[in-house]
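Engineer: Residues per chain, in single letters:
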Amino acid sequence: MTGNIGGLPPFLTLVGQPVTVELKNDLAITGVLVSVDQFLNIKLDNIKVVDEERYPHMLAVKNCFIRGSVVRYVQLPAPSVDTALLQDAARRERQQPATGARK
Amino acid sequence: MDSFQIFTTSTSLVDSVDKKLLVVLRDGRKLIGILRSFDQFANLVLQDTIERIYVADTYGDIPRGIFIIRGENVVLLGEIDEEKEDESPLRQVPVEDVLQIQREEMEAKVKREKTKHRMLSDQGFSVDVAEFGELY
Chain R
61 MTGNIGGLPP FLTLVGQPVT VELKNDLAIT GVLVSVDQFL NIKLDNIKVV
111 DEERYPHMLA VKNCFIRGSV VRYVQLPAPS VDTALLQDAA RRERQQPATG
161 ARK
Chain S
12 MDSFQIFTTS TSLVDSVDKK LLVVLRDGRK LIGILRSFDQ FANLVLQDTI
62 ERIYVADTYG DIPRGIFIIR GENVVLLGEI DEEKEDESPL RQVPVEDVLQ
112 IQREEMEAKV KREKTKHRML SDQGFSVDVA EFGELY
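Those protein sequences? They're chains R and S, same order as listed.
Read in order, the letters of the first sequence are residues 61 to 163 in my numbering.
Read in order, the letters of the second sequence are residues 12 to 147 in my numbering.
Keep in mind the hints are simulated off the structure, nothing from the lab.
It should be emphasised that the depicted structure is a prediction, and the values quoted were computed from it without experimental measurement.
All C-beta atoms, glycine included, are put in the ideal place defined by N, C-alpha and C.
Be a bit skeptical, because a hint or two may be false.
Not everything, but these chain R residues come out facing chain S in the computed CB check (under 8 Å) [unchecked claim]:
| id | residue |
| --- | --- |
| 1 | V96 |
| 2 | K103 |
| 3 | N106 |
| 4 | L119 |
| 5 | C124 |
| 6 | Q135 |
| 7 | P137 |
| 8 | V141 |
| 9 | A150 |
Simulated coverage check for chain S against chain R, where a stretch passes if three residues somewhere in it have a Cβ under 8 Å from a Cβ of chain R [stated by the list, open to error]:
| id | stretch |
| --- | --- |
| 10 | 72 to 82 |
| 11 | 103 to 115 |
| 12 | 123 to 132 |
Sequences and hints are given; from them, build the entire structure.
Structural biologist: Written as C-alpha cells, this is what we have:
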C-alpha cells in the first residue's frame, strides 16, 4: 500500500521507539510503538495522554489500538529518521515512480 | 515488492479478545465492554457493554448489552488496567444526573457555536459546520 522508502516497509525501524500519535479529534497519545499494519493502524504500549485532564476516560488505559483512519500525525523521534536516505529515496521516487503512481 | 510482506508487522486485535476494553467512537461516546470478535475493518463485537458518560469529575453508566460496532466509527480501543481503574479520582453518580448535566453542556455549546458562526459570517467568513454527531 505505502511505498518502500529506503528499502524497508514504513515504520518498521520505529517499532520499539516512543512516538506521539495525534488524532483527528485532537487527542494526542505518547507511547512505545508496538506494531503498524498496512492500514497504518497503530498499537501503542505504556501510553501517556498529552493534556490528561481533558480526557479522564483514558486514565485507566495502559495500551491501545488506534485505527489508522483517525490519525492526523505521527511524531517521530528525530534521531530515528535518516533524513539523508529519505531525501535520496524521495528524489529517486520522483524520477521513477513505483508502479501505479501517477507522475 | 511482495518479498517485503514478510517483514511487515501486523497489528492484530487477537490479543485483546476476551478482555475488558474501552472503545472511543467518532461521535465521542465511550463504551466499555468485553471484546468478543473483530475483523479487518475493525468491526467489533462487545459484550456486557456499558456506555460511560463523563462530566467534570463524575461519570454515569448506562448498561447496553451486546454491541456490534461498525469499524469506521472506531477511534481507538484501550485495554483497561483494573488496578488503575480502582485508583480513579472520578466518582460514579446516578446516570440521570450525568445526562442532565450533559444536556445542559450540549445546549450551551450549541449556543456558543451558533453565535460564533453568526459573527464570522457577518465578517464575511465561510464557516465549516461539523457533520452532525461527529463531535468526537
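Engineer: Against which earlier hints does the structure fall short, listed by number upward?
Structural biologist: Hints 3, 6, 7, 8, 9, 10, 11, 12 not satisfied by this model.
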